[in-house]
Amino acid sequence: MLALEPGIVLVLEPNIVLHSIPNRDWFFAFNVVTGDEFCLNRTSFWILEALGGGAEWGQLKCGFLETFEVDPEQGETDLRELVTKLYEEKIIGRSSNGEEKNEV
Amino acid sequence: MELQLQLEDEFYFQWHITERCNKHCRHCYQNSHPSHELALADLELVLRRMDEAILKWDKQGSLSFTGGEPFVRHDELFALMDRVDRLDSFVYYDVLTNGSLISDSIVHALKNQKKLRRVQVSLEGSRPATNDAIRGAGSYEETLEAIRRMKKHGLTVSVMTTISRLNYQEIPALISLLGDEGVDTVAFERLIPEGRGEGLRDQLLSPQELKSLYERVYAIAVNGAKIRVLMYRPLFTLVAPDDSTVGALCSAGNNALTIMPDGTVYPCRRLPIPIGNILEESLFAIWYDSDVLWKIRNPQNLGGKCRDCDLLTSCRGCRAMAFSTTGDYMAEDPQCWR
Chain S
1 MLALEPGIVL
11 VLEPNIVLHS
21 IPNRDWFFAF
31 NVVTGDEFCL
41 NRTSFWILEA
51 LGGGAEWGQL
61 KCGFLETFEV
71 DPEQGETDLR
81 ELVTKLYEEK
91 IIGRSSNGEE
101 KNEV
Chain C
1 MELQLQLEDE
11 FYFQWHITER
21 CNKHCRHCYQ
31 NSHPSHELAL
41 ADLELVLRRM
51 DEAILKWDKQ
61 GSLSFTGGEP
71 FVRHDELFAL
81 MDRVDRLDSF
91 VYYDVLTNGS
101 LISDSIVHAL
111 KNQKKLRRVQ
121 VSLEGSRPAT
131 NDAIRGAGSY
141 EETLEAIRRM
151 KKHGLTVSVM
161 TTISRLNYQE
171 IPALISLLGD
181 EGVDTVAFER
191 LIPEGRGEGL
201 RDQLLSPQEL
211 KSLYERVYAI
221 AVNGAKIRVL
231 MYRPLFTLVA
241 PDDSTVGALC
251 SAGNNALTIM
261 PDGTVYPCRR
271 LPIPIGNILE
281 ESLFAIWYDS
291 DVLWKIRNPQ
301 NLGGKCRDCD
311 LLTSCRGCRA
321 MAFSTTGDYM
331 AEDPQCWR
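Keeping their order, the protein sequence lines are chains S and C.
Residue 94 in my numbering sits at position 94 of the first sequence, with consecutive numbering throughout.
Residue 103 in my numbering sits at position 103 of the second sequence, with consecutive numbering throughout.
No lab work stands behind these hints, which were simulated from the structure alone.
Hints may be right or wrong, so weigh each one.
[Claimed, not checked] In silico BS3-like cross-links for lysine-lysine, where the CA-CA straight-line distance does not exceed 25 Å:
#: 1; chain 1: S; residue 1: Lys90; chain 2: C; residue 2: Lys56
#: 2; chain 1: C; residue 1: Lys226; chain 2: C; residue 2: Lys211
#: 3; chain 1: C; residue 1: Lys56; chain 2: S; residue 2: Lys85
#: 4; chain 1: C; residue 1: Lys152; chain 2: C; residue 2: Lys111
#: 5; chain 1: C; residue 1: Lys59; chain 2: S; residue 2: Lys90
#: 6; chain 1: C; residue 1: Lys226; chain 2: C; residue 2: Lys111
#: 7; chain 1: C; residue 1: Lys59; chain 2: C; residue 2: Lys115
#: 8; chain 1: C; residue 1: Lys111; chain 2: C; residue 2: Lys151
#: 9; chain 1: C; residue 1: Lys114; chain 2: C; residue 2: Lys151
Take the sequences, apply the hints, and build the full model.
Structure follows, in structure tokens:
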């Protein structure tokens, strides 16, 4: 499980690439080694782009709430859910500096 | 999380196992300097990578073996066909050849290939003079002999004709001739002025000439031609927008890749922009991360009249034609008559 707490740094997994065609509502992540394709929604794609080379959980949360202008409590719940899903699909991971925690 | 970039249910590889050829056709997209070609062990590795990708994508794979002239490497060609026959990933394959090396023994060997769908040869006109002026002296009779030899033994034969001002007026007569010869299918590809064909730039049809030809071909095809006329090509859609058997999106970036003799990958043989090498990187990396392919996939990147065309869902012109005539593969198709 991934503990989403201040200080934890999230990153794209090394073999993941992102591509989109926004005008067709196409948002994808691909694993170029395994061939796995992940068809995403616009919000999940925003998260992955925001991670870039790595982003700290607190910064990601602030950026998310600011960009989508949602209720902070509901927004954080939604973000945790999406990030957890992306983590479970092995699209993102923790930075090697981060420590694995037990709970999301 | 939903998986799959579902562009098409099928995926096609055009595999040039050699660029060596015993002909020297004037319109060929190849230049005169054959590239390095792979030994059988590396060809088998290429095939394994294709197989792996098709299985991962859960597509129906198809494949054309071609060259150059593929039968100049007949040992490797038959070894590869045998292997594809045993793979679940590929539904069928074709062999695209000039026909000149198809002997009786080759025909018998081809008859034993389980997944061979068609052998495609090329004929450029209904008259020997027209064909031979493009493909070389004697090639008309040679090709017809190859067709007859293959048909006699029950192989499915198709003919491909490259359209230019050198031959377009003979196309109706050619369709009739091929029907009489018992050829199964005929298809027409527009001359792309690249490779040796660059010297024929002034032989490209004008948009109006192409329109007139495509309308004639369509009329022949739907009015009892003795041969099946394949019209799955960009711009054919314009002739009969409501006929689903006519026209097709350019396959580049959509459901096809071309593998060159040294493993270089192109979006299409007629669009010779290297996007990787199958021996140096995975097909997944090439297919998923090529900027060229992603640019092609987005119709918003199209230029000129293609960009706002109301037939965008069924035709985006030929990207190779745009590239060879303008240097910009997203430019409008210069032969479009709309």
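Hint check results:
Restraint check: the Cα-Cα separation between Lys90(S) and Lys56(C) comes to about 17 Å, which is no more than 25 Å; the hinted pair holds. At roughly 23 Å between alpha-carbon atoms, Lys226(C) and Lys211(C) fall within 25 Å of each other, so this suggested pair holds. A hinted pair counts as satisfied when its Cα atoms are at most 25 Å apart, and Lys56(C) with Lys85(S) qualifies at roughly 22 Å. Restraint check for Lys152(C) and Lys111(C): satisfied, since their Cα atoms lie roughly 11 Å apart, inside the 25 Å limit.
Proposed proximity of Lys59(C) and Lys90(S) is supported: the alpha carbons are some 24 Å apart, at most 25 Å. Distance restraint check for Lys226(C) and Lys111(C): the Cα-Cα separation of roughly 24 Å lies within the 25 Å cut-off, and the hinted pair is therefore satisfied. Simply put, Lys59(C) and Lys115(C) have alpha-carbon atoms about 16 Å apart, close enough for the 25 Å limit, and the pair holds. Restraint check: the Cα-Cα separation between Lys111(C) and Lys151(C) comes to about 11 Å, which is no more than 25 Å; the hinted pair holds.
With a C-alpha separation of about 17 Å, the suggested pair Lys114(C) and Lys151(C) falls inside the 25 Å cut-off, and the hint holds.
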